[in-house]
Amino acid sequence: MYCQKCRTPIKLDGSLEDLNPAAFKLLTDSTTPSAQQRPLSVHQSRPAYSQDRRDAYDRVSSRASQPTFRRSIPSSRHGRESRHHPSMSFVMLTESQVVPQAPHIVPDGGRPDSAGLDGDQNMSDKMETVQRLFEVLSARSDIDQPICVECTDMLVEGLQKRLGAATKERDAYVEYLRQANADIPSEEEVALARKQLEDARAAEEVAMKELERLEQEKAAMDEELLALDAEAQELDKEEEAFWKERNAFAVTLASFQSERDRVNNRYDHDIKQAQRLQRTNVYNDTFTIGHDGNFATINGLRLGRTSAVMVGWEEINAAWGQTCLLLATVAEKVGYTFKGYRLCPMGSTSTIEKLDFPPSASTDDAAHPPKPKVTVLELYCSGDLPLGLNFLHRRFDNAMVAFLECLRQMDEFGFKLPYTIRKDKIRDASIKLSFNQEETWTRACKDTLICCKYLLASTSDMDQRQRSATPTTRR
Numbered sequence: 002m003y004c005q006k007c008r009t010p011i012k013l014d015g016s017l018e019d020l021n022p023a024a025f026k027l028l029t030d031s032t033t034p035s036a037q038q039r040p041l042s043v044h045q046s047r048p049a050y051s052q053d054r055r056d057a058y059d060r061v062s063s064r065a066s067q068p069t070f071r072r073s074i075p076s077s078r079h080g081r082e083s084r085h086h087p088s089m090s091f092v093m094l095t096e097s098q099v100v101p102q103a104p105h106i107v108p109d110g111g112r113p114d115s116a117g118l119d120g121d122q123n124m125s126d127k128m129e130t131v132q133r134l135f136e137v138l139s140a141r142s143d144i145d146q147p148i149c150v151e152c153t154d155m156l157v158e159g160l161q162k163r164l165g166a167a168t169k170e171r172d173a174y175v176e177y178l179r180q181a182n183a184d185i186p187s188e189e190e191v192a193l194a195r196k197q198l199e200d201a202r203a204a205e206e207v208a209m210k211e212l213e214r215l216e217q218e219k220a221a222m223d224e225e226l227l228a229l230d231a232e233a234q235e236l237d238k239e240e241e242a243f244w245k246e247r248n249a250f251a252v253t254l255a256s257f258q259s260e261r262d263r264v265n266n267r268y269d270h271d272i273k274q275a276q277r278l279q280r281t282n283v284y285n286d287t288f289t290i291g292h293d294g295n296f297a298t299i300n301g302l303r304l305g306r307t308s309a310v311m312v313g314w315e316e317i318n319a320a321w322g323q324t325c326l327l328l329a330t331v332a333e334k335v336g337y338t339f340k341g342y343r344l345c346p347m348g349s350t351s352t353i354e355k356l357d358f359p360p361s362a363s364t365d366d367a368a369h370p371p372k373p374k375v376t377v378l379e380l381y382c383s384g385d386l387p388l389g390l391n392f393l394h395r396r397f398d399n400a401m402v403a404f405l406e407c408l409r410q411m412d413e414f415g416f417k418l419p420y421t422i423r424k425d426k427i428r429d430a431s432i433k434l435s436f437n438q439e440e441t442w443t444r445a446c447k448d449t450l451i452c453c454k455y456l457l458a459s460t461s462d463m464d465q466r467q468r469s470a471t472p473t474t475r476r
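Heads up, the numbering used here is the position in the sequence shown plus 1, with the first residue counted as 1.
Keep in mind the hints are simulated off the structure, nothing from the lab.
Here the structure is a predicted model, which means the values were calculated and not measured.
Don't take each hint at face value.
Unchecked claim - Derived Cβ-Cβ restraints for the label pairs, each shown as a range:
#1 R54 with D143: 25 to 33 angstroms
#2 D262 with K334: 34 to 42 angstroms
#3 E413 with D357: 14 to 22 angstroms
#4 M209 with Y58: 45 to 53 angstroms
#5 A183 with K210: 37 to 45 angstroms
#6 M209 with A166: 44 to 52 angstroms
#7 P359 with A309: 47 to 55 angstroms
#8 E213 with E240: 34 to 42 angstroms
Claimed, not checked - Derived pair list, reagent style EDC-like, types lysine to aspartate or glutamate, alpha-carbon separation capped at 20 angstroms:
#9 K26 with D126
#10 K334 with E406
#11 K127 with D14
#12 K417 with D462
#13 K454 with E406
#14 K355 with E333
#15 K372 with D357
#16 K374 with E354
#17 K447 with E315
#18 K374 with D357
#19 K12 with E129
#20 K424 with E354
#21 K273 with D262
#22 K424 with E413
#23 K340 with D357
#24 K219 with D230
Virtual Cβ for every residue (Gly too), placed ideally from N, Cα, C.
Throw the hints in and build the complete structure from the sequences for me.
Here it is in C-alpha cells:
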C-alpha cells in the first residue's frame, strides 16, 4: 500500500492483520462523535438561551443519526472490481457489508482445496478488510487513508495550528458576546433613546421643510441662470461679430499702411536716386580724361607716342575718335555749329569735313543756300610711317589742325580754355605730326585733352545751374 499524501510505500501495523468484527466496529465508531458529547460541546460553546429553545434543540438532536459520507477513494488493488463502486456516495453501510464474512467451512465429506489456495484466500480477505477500513475512515474525515508517519506528523502539526486559530477566534467571539450582553441598555437609556429619536425625527421634518424651500430657491436660481446663459450667448455672438469687423478693419488698415510704406519707400528711393543723378556728371562718366605717365588718356586710351613707348596706332585712332565725339557732344549740348567744319565721330575712323562755300554765292537767298565743297579730313593714321614723308601724314595733320580750329571756336563761343590756340599750335607745341618730334606732338595732344576736359567741366556746371534754376515738382 502507498501513502495517500506523499505516495511512498508503507508497511501496515501488525495489529491490522487479524481484525475481528468487534475491533473493526470499534475503529469505525471511534471516528463518529457520540450524541451525548455534541449537545455538551454545543452547550459549552454557545451562550445561554431560553430553556424551551434548548429543550427543543436537545430533543431533535437526540433523534438525529450521524450521516455517513462516502468519498471516492481509488482502490490500491488494480484489476479487481470492488463490490461497492466508489461513486456510491451517501450510502449507509450495514454491519454485514462492513464486517467481513466468516470463512466458508467445507464439510468433512467434501474435498477441500489445497493449503496454498486457503492461504491466498485468507490474505485476500485480510487486505479487503483493511482496504474497506481505510475507505470508511477516509469517507468520515477530510484525510485520505492510509498515510505514513511523517505525513501524520505534518498533518497533526497543521491541525494543531488550525486548532489554535479556532481557539483564538472562539475567544474573540466569546469576548464580543460578553461585551454585547454587558451593553444591554436600561429602561432609562431606552427612554432617553426614544426621546432622542423623536427629537431627531422633528429635526428631520424641519430639515425636510428647509430642503424643500432650498430646492424651490434652487429652481428659481436655475431659471435665472438659464436666462443669464441665453443673454451671455447673445453677448458672445455680438462680441464675435465685433471682433470679425475689427479684424477686417485691421486687415484693411494693415493693407493701407503697407501700401503707404511701399509708396514712401519708393518715394525715398526715387528722391535719393534723383539726388544721385543730379550729382552725377554724365559727361565725366562718358568721357573720362586722365593721364598715364607722359600720356593723356581718354576712357583709358592713350593719345600720343614717344620713342620710348611706342603706342599702337589703333589705340591712338580710338583716342582721337573719343575726343572727336566729346567735342561734337559739347557743341550739340550748347547748340553751337562750327563754322566751316563738320565733325563726324566714327570711332577709330573719325573724320572732319571741311566746308568751302563759293565766294560768289549770294547769302540773301535763305531758301536755297549754296552747296559747299566738302573735303574729308581723316582724323586717323593708317600705320607706322617715317616722319620725313610729309605727304603721307598730310590728311592726318590737316584733320588735327581742323580739330584745333573747332576747339578755338568753342573758346570764342564762351568757353575760356586754359591754353591759347593759334593755327596748328596749342600753347607752344604743334599738333602736326610731320616735321615734328614725337614728344612735342604728344605734349600737344595732352594739352588738347586738357582743354577738352575743361569743356566738360564748364558744360556740367552750366547744366547744373540750369537744373537748379528749374523748380522740381514733388508729389
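Comparing the hints with the structure gives:
no.: 1; hint: R54 with D143: 25 to 33 angstroms; verdict: holds (31 angstroms)
no.: 2; hint: D262 with K334: 34 to 42 angstroms; verdict: holds (40 angstroms)
no.: 3; hint: E413 with D357: 14 to 22 angstroms; verdict: holds (21 angstroms)
no.: 4; hint: M209 with Y58: 45 to 53 angstroms; verdict: holds (48 angstroms)
no.: 5; hint: A183 with K210: 37 to 45 angstroms; verdict: holds (41 angstroms)
no.: 6; hint: M209 with A166: 44 to 52 angstroms; verdict: holds (50 angstroms)
no.: 7; hint: P359 with A309: 47 to 55 angstroms; verdict: holds (48 angstroms)
no.: 8; hint: E213 with E240: 34 to 42 angstroms; verdict: holds (40 angstroms)
no.: 9; hint: K26 with D126; verdict: holds (17 angstroms)
no.: 10; hint: K334 with E406; verdict: holds (19 angstroms)
no.: 11; hint: K127 with D14; verdict: holds (13 angstroms)
no.: 12; hint: K417 with D462; verdict: holds (13 angstroms)
no.: 13; hint: K454 with E406; verdict: holds (17 angstroms)
no.: 14; hint: K355 with E333; verdict: holds (18 angstroms)
no.: 15; hint: K372 with D357; verdict: holds (9 angstroms)
no.: 16; hint: K374 with E354; verdict: holds (10 angstroms)
no.: 17; hint: K447 with E315; verdict: holds (18 angstroms)
no.: 18; hint: K374 with D357; verdict: holds (5 angstroms)
no.: 19; hint: K12 with E129; verdict: holds (16 angstroms)
no.: 20; hint: K424 with E354; verdict: holds (17 angstroms)
no.: 21; hint: K273 with D262; verdict: holds (16 angstroms)
no.: 22; hint: K424 with E413; verdict: holds (14 angstroms)
no.: 23; hint: K340 with D357; verdict: holds (10 angstroms)
no.: 24; hint: K219 with D230; verdict: holds (16 angstroms)
Comparing the model with each earlier hint shows no violations; every hint is respected.
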